[in-house]
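Protein chains in written order, with this note's numbering: chain R, 1 to 338; chain S, 1 to 504; chain W, 1 to 335.
Honestly, the hints are just simulated from the structure, not real lab data.
Mixed in with the good hints, there may be bad ones.
[As the list claims (entries may be wrong)] Heads up, simulated DSSO-like pairs for lysine-lysine below, C-alpha to C-alpha not over 30 Å straight-line:
{"#": "1", "chain 1": "W", "residue 1": "LYS124", "chain 2": "W", "residue 2": "LYS275"}
{"#": "2", "chain 1": "S", "residue 1": "LYS387", "chain 2": "R", "residue 2": "LYS272"}
{"#": "3", "chain 1": "S", "residue 1": "LYS378", "chain 2": "R", "residue 2": "LYS272"}
{"#": "4", "chain 1": "S", "residue 1": "LYS417", "chain 2": "S", "residue 2": "LYS311"}
{"#": "5", "chain 1": "S", "residue 1": "LYS426", "chain 2": "R", "residue 2": "LYS215"}
{"#": "6", "chain 1": "W", "residue 1": "LYS219", "chain 2": "S", "residue 2": "LYS110"}
{"#": "7", "chain 1": "R", "residue 1": "LYS124", "chain 2": "W", "residue 2": "LYS322"}
{"#": "8", "chain 1": "S", "residue 1": "LYS19", "chain 2": "S", "residue 2": "LYS389"}
{"#": "9", "chain 1": "S", "residue 1": "LYS389", "chain 2": "R", "residue 2": "LYS274"}
{"#": "10", "chain 1": "R", "residue 1": "LYS215", "chain 2": "R", "residue 2": "LYS15"}
{"#": "11", "chain 1": "S", "residue 1": "LYS364", "chain 2": "R", "residue 2": "LYS272"}
{"#": "12", "chain 1": "R", "residue 1": "LYS124", "chain 2": "S", "residue 2": "LYS378"}
{"#": "13", "chain 1": "R", "residue 1": "LYS215", "chain 2": "S", "residue 2": "LYS378"}
{"#": "14", "chain 1": "W", "residue 1": "LYS211", "chain 2": "S", "residue 2": "LYS116"}
{"#": "15", "chain 1": "R", "residue 1": "LYS215", "chain 2": "S", "residue 2": "LYS372"}
{"#": "16", "chain 1": "R", "residue 1": "LYS215", "chain 2": "R", "residue 2": "LYS272"}
{"#": "17", "chain 1": "R", "residue 1": "LYS215", "chain 2": "W", "residue 2": "LYS327"}
{"#": "18", "chain 1": "S", "residue 1": "LYS481", "chain 2": "R", "residue 2": "LYS10"}
{"#": "19", "chain 1": "S", "residue 1": "LYS110", "chain 2": "W", "residue 2": "LYS211"}
{"#": "20", "chain 1": "S", "residue 1": "LYS389", "chain 2": "S", "residue 2": "LYS364"}
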Amino acid sequence: MNTRIISNTKVFSWKHFFLQWEWMLVGLLVIIFMMNSSISPYFLNYTGISDATMTFLDKAFIVFPMVMIMIMREIDISVGSTVALSSVVMASLYNAGVPMIAAMGACLLVGALCGFFNGYLLVKYRTLSAVIVTLSTMILYRGIAYMILEDQSAGGFPTWFSFLGWGYVGPVPFILILFIIFAIGAVLLLQKTTFGRRVYAIGSNPVASRYSGIKVDRMKLIVFTLAGLMAAITAIFLTSRMGSTRPNVANMYELDVIAMVALGGISTAGGKGKMLGAILAVFVIGYLQYGLGLINIPAQVLLIVIGVLLIASVTVTNLRGKGKFQKKKSRKSVQKAS
Amino acid sequence: MSEYVLELEGITKEFPGVKALDNVHFKLKSGEIHALMGENGAGKSTFIKVITGVHSATSGEIYLNGEQVVFHNPKDAHKMGIAAIYQHVTNYPDLNITENIFLGHEKINKWTRRIKWKEMHAEAKALLESLGSDLDPKTEMGSLSVAKQQIVEIAKALSSNAKIIIMDEPTAALTHRESEELYKITEALRDEGVAIIFISHRFEDMYRLADCVTVLRDSQYIGTWDVDQISNEDLIVAMVGREIKQLFPEKSNELKEEVLRLEGLGQMGRFKDISLSLRKGEILGITGLVGAGRSELCQALFGIEPYDEGKVYFEGKKREIKTPADAIHLGIGYLPEDRQEQSLILQWEISQNISLSALDKISKNGWLHLQKERQLAKELAEKVDVKTKSIFNPASSLSGGNQQKVSVAKLLTTDLKVLIFDEPTKGVDIGAKSAIYQIIVDLAASGYGIIMISSEMPEVIGLSDRIAVMCEGRITKFFDKGQATQEAILEAAMSKKVTKSKVG
Amino acid sequence: MTEKNLLKHINLANISKFREFGLLGFIVLLAIVFQILNPAFLTFGNLADLTKNTAILSILALGMMLVLITRGIDLSIGATLALSGMIAALTVREFPGLSPLLAILIGIVVGVICGVVLGFLVSKVGILPIIASLGLMNAYRGLTYWISGREWVSAYQMPASFKDIATSSILGINTLVFIAIMIFLFFYYFVNNTITGRQIYALGSNPDSAKISGINSHKVYMLVYTMMGGLSGLAGVLWVSKFASAQGNTASGYELTVIAACILGGVSINGGIGKVTGVLLGAVLLGVLDNGLPLIDVSPFWQMGIEGAIILIAVLFNTIVKQTVEKSHRLRRVI
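Please build the complete structure, drawing on both the sequences and the hints.
Next comes the structure, spelled out in structure tokens:
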């Protein structure tokens, strides 16, 4: 009795394709490269650029889970402290005679536990917001790191350990290879799997997601645990590059990470944005910092740049969201009238 | 000077594409309780919003004490002495009673701008006492029961010297005794010369309180009668206005074996002692007044807020349902009452909405298979006849009825055996309604066991094989098809006595 | 378990009182423990030191309370404090003859500007407070380093009149403490006895209803963030005067301590709830811990961990109590 035929072939639209936020980031990246290389002849030097890449890639691993967390309308500001705690645990264990591999395993475990604890509190006490939970654990985790090492530093790692942070595989930095592998995995996970679809569903409408049989609590636990785990990976690379660690490492990493995610086009209202955008944003911010460093702009100005960049990109994402919504509304009313 | 404090002449209100009010008249005397009745979606709420200045009418005039007035916003109406008490109380839970009463017109010292707490507390106390309440005005609003909050809302209306008070379903969430107290207060106000517009679904409320009644139906004015001059039957005809049978498709399928049985299901403070059974191919209607615990029961059955006593048997086996995922896995689907909030992701494509609860079906080892998704979405969207050109249109582009069809299509993606429909035609226009009825009957015929919650009695009577009526958290009566009349259902919906023999 | 059963019978209104007495009791208990372990705790000198340290914290915590009541948060206050302290310090270095009152005024103005920017971003642009203040935290911190050229302003570069702000006294009370008391009294009056003060609570309690009641939410948001900024500016000058040095990393991370004081004092991060007396007690508790722990030979490096654990426990305690109370409300309904 139903005669209506509904189309299920997607029409490809060039306009839609080019209107994506990611192109803006690609454009930004090109502009930064052009400006940097015109200002400083040293910028395009291969060793320089690959060294620079190593320095900003460590924290970029946290970007992957943070994208998911922010798409799910949550936030995690304890990641910097998690980096510090897992790094300190690893170094202390090694100094206490534990084999390096085991110490690294403990580092990953501690990171994952930190993340899991955040997720657990959020799920167990639904009225708590992620802001307050991760704010509390941010103090707690770093506090524990201080309890362990006090004002000491720990280091003296085996030489092979420094390979992780400094090593090259052929002409390519090891960390870059690993980052690319993770990035491909993260893009596929978020964009092509049921897991990713559920993340977007929860961020777009948590209630409807629950009513549709999505295990929202379990998803939250998973992404927060992932955030902790990635913070531990960051800790390994950071420690490897520095050769030693202190309780105050990775201070304010959460800000850098959140800035990268926001610049990547992930809306703080949840449900919107792509993994690729955030990955591009990692390089935009990284090379911007590197370029500014090359022309002797003091590191402290970089703080201002990141802060302003964060606010500007959130503002733009907010405005974009509003525009789209209005369009849809008017379409709705037209449909109703007809 | 007119004898009416409030007169509305030929009020029409149009929203894009919809006429929410069509040439409505209304007259209100001082010292009168005037009931406003009509089915869901008849236009009562819009009408109230025109009177309180939330909406401005497209055409028509409003007269206050014989003089024409125009309200640009709620504040204008408020200044003229019109106050409304809404069904969902709009208050400040963290502030105390006095503040809630005086918010917006606090008493302050002229020179120091200091809030005069003592005076305000005293006046609040006096107001509450005049309403027969001994509440301490320093108590926090959030710690009060809904009934007490409503008394505070009335005090708030009085504190601004309201001459016209509108009560929108004030008894919906109240118990009988609480309602009785509210009636007394309302009558006392009437005797002091306040004019009251009382909106309620409960006939009981109307007979108990009102002097006259105005009925709206399908956005139109039907008529005004003195309460003692109109019989129950006539009133129902006025409200429903159509032969019930015509709208509903014939349901003639055979009922098969039992699929779901509940024994003594209960949840603290929400419902208790619920026992019922459901057969394949059967439509079990659950009705009752708002707040009777119908939705809560079904949400518990779907694992939203788990039940804490009693047993659930599914296909003969005892099962536990703790989360919606459990329920879906078992084969129970739920069509929520608020589709925009609880079912759909409006900004998403229709196809993605349809596949949301069946992601495992359109994927392999966790990888999404888009082709499969599109095929599934197309099939189901065509099956329920969604009026759209492409499954890639956002759900927000659809009308209410078609959004509801998408919600139904969502349920058909998984292998379910029991479907729970919570107010399936709420906010849906007449045309789409019968389409949804047809879908429900077809689903029953194809072997689903269906539980349908509805406040619309014709719907329940017209579709159900059996009807369970709930009142204050318990099932008070079961009706078989053909036995049920609106009057009998209403009586059961308001009765306190549980027919033990039937509940078993 | 017995405690839980007991809580069922306490309603929301009683709990805030219960909490304040509990907090006070805890402070007294803590003081007794410290005193037993180290008799130097309850000496005049130490207590004077304690109150001076708590003064700045409580000034900031009162401002933060208003922000939290509107369901916001301000992470930029540490940076705002540093920036205004630095600007005031640089000014007195250049003009040693400047009146200390003027120096304080400069600090407040700088803080107000910082707060206005944040208020604008939150109320007009609609950025989440946590994101906006996180961004500004960086920007203000960077600005502090930039204008100071990464140099410190040290004690010898400051005129005595400026350093005297922290050491002088008014009516026999140390100036810092005096200012904190004045601000406390002002806040007490403001939030309890003015319409604007109550509007802050109303907005946080139910933002949707606030619109219907005709509360201008933009104005209220602007006001609370501006006040927070102004107080941070004031605290900046007091801080620099007290420690006699202005650095780029002054008060880095201090925002967390301030938020902690509020949470301990019973301010709800979900808005609508918070009392000035509670916040003051929260600040005092942290002040006592800060002061007492070193006295009983707890390593200074343990303080952050202890503080973190206490905050987490306070947060969880708040939530559990609230959930229990809500559940008991539901249980009361008999069917």
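Hint by hint, here is what the structure shows:
no.: 1; hint: LYS124(W) / LYS275(W); in the structure: holds (27 Å)
no.: 2; hint: LYS387(S) / LYS272(R); in the structure: holds (27 Å)
no.: 3; hint: LYS378(S) / LYS272(R); in the structure: holds (25 Å)
no.: 4; hint: LYS417(S) / LYS311(S); in the structure: holds (18 Å)
no.: 5; hint: LYS426(S) / LYS215(R); in the structure: holds (28 Å)
no.: 6; hint: LYS219(W) / LYS110(S); in the structure: holds (22 Å)
no.: 7; hint: LYS124(R) / LYS322(W); in the structure: holds (14 Å)
no.: 8; hint: LYS19(S) / LYS389(S); in the structure: holds (26 Å)
no.: 9; hint: LYS389(S) / LYS274(R); in the structure: holds (27 Å)
no.: 10; hint: LYS215(R) / LYS15(R); in the structure: violated (36 Å)
no.: 11; hint: LYS364(S) / LYS272(R); in the structure: holds (25 Å)
no.: 12; hint: LYS124(R) / LYS378(S); in the structure: violated (39 Å)
no.: 13; hint: LYS215(R) / LYS378(S); in the structure: holds (26 Å)
no.: 14; hint: LYS211(W) / LYS116(S); in the structure: holds (24 Å)
no.: 15; hint: LYS215(R) / LYS372(S); in the structure: holds (23 Å)
no.: 16; hint: LYS215(R) / LYS272(R); in the structure: holds (20 Å)
no.: 17; hint: LYS215(R) / LYS327(W); in the structure: holds (24 Å)
no.: 18; hint: LYS481(S) / LYS10(R); in the structure: violated (47 Å)
no.: 19; hint: LYS110(S) / LYS211(W); in the structure: holds (25 Å)
no.: 20; hint: LYS389(S) / LYS364(S); in the structure: holds (29 Å)
Against the hints set out earlier in the document, violations occur for numbers 10, 12, 18.
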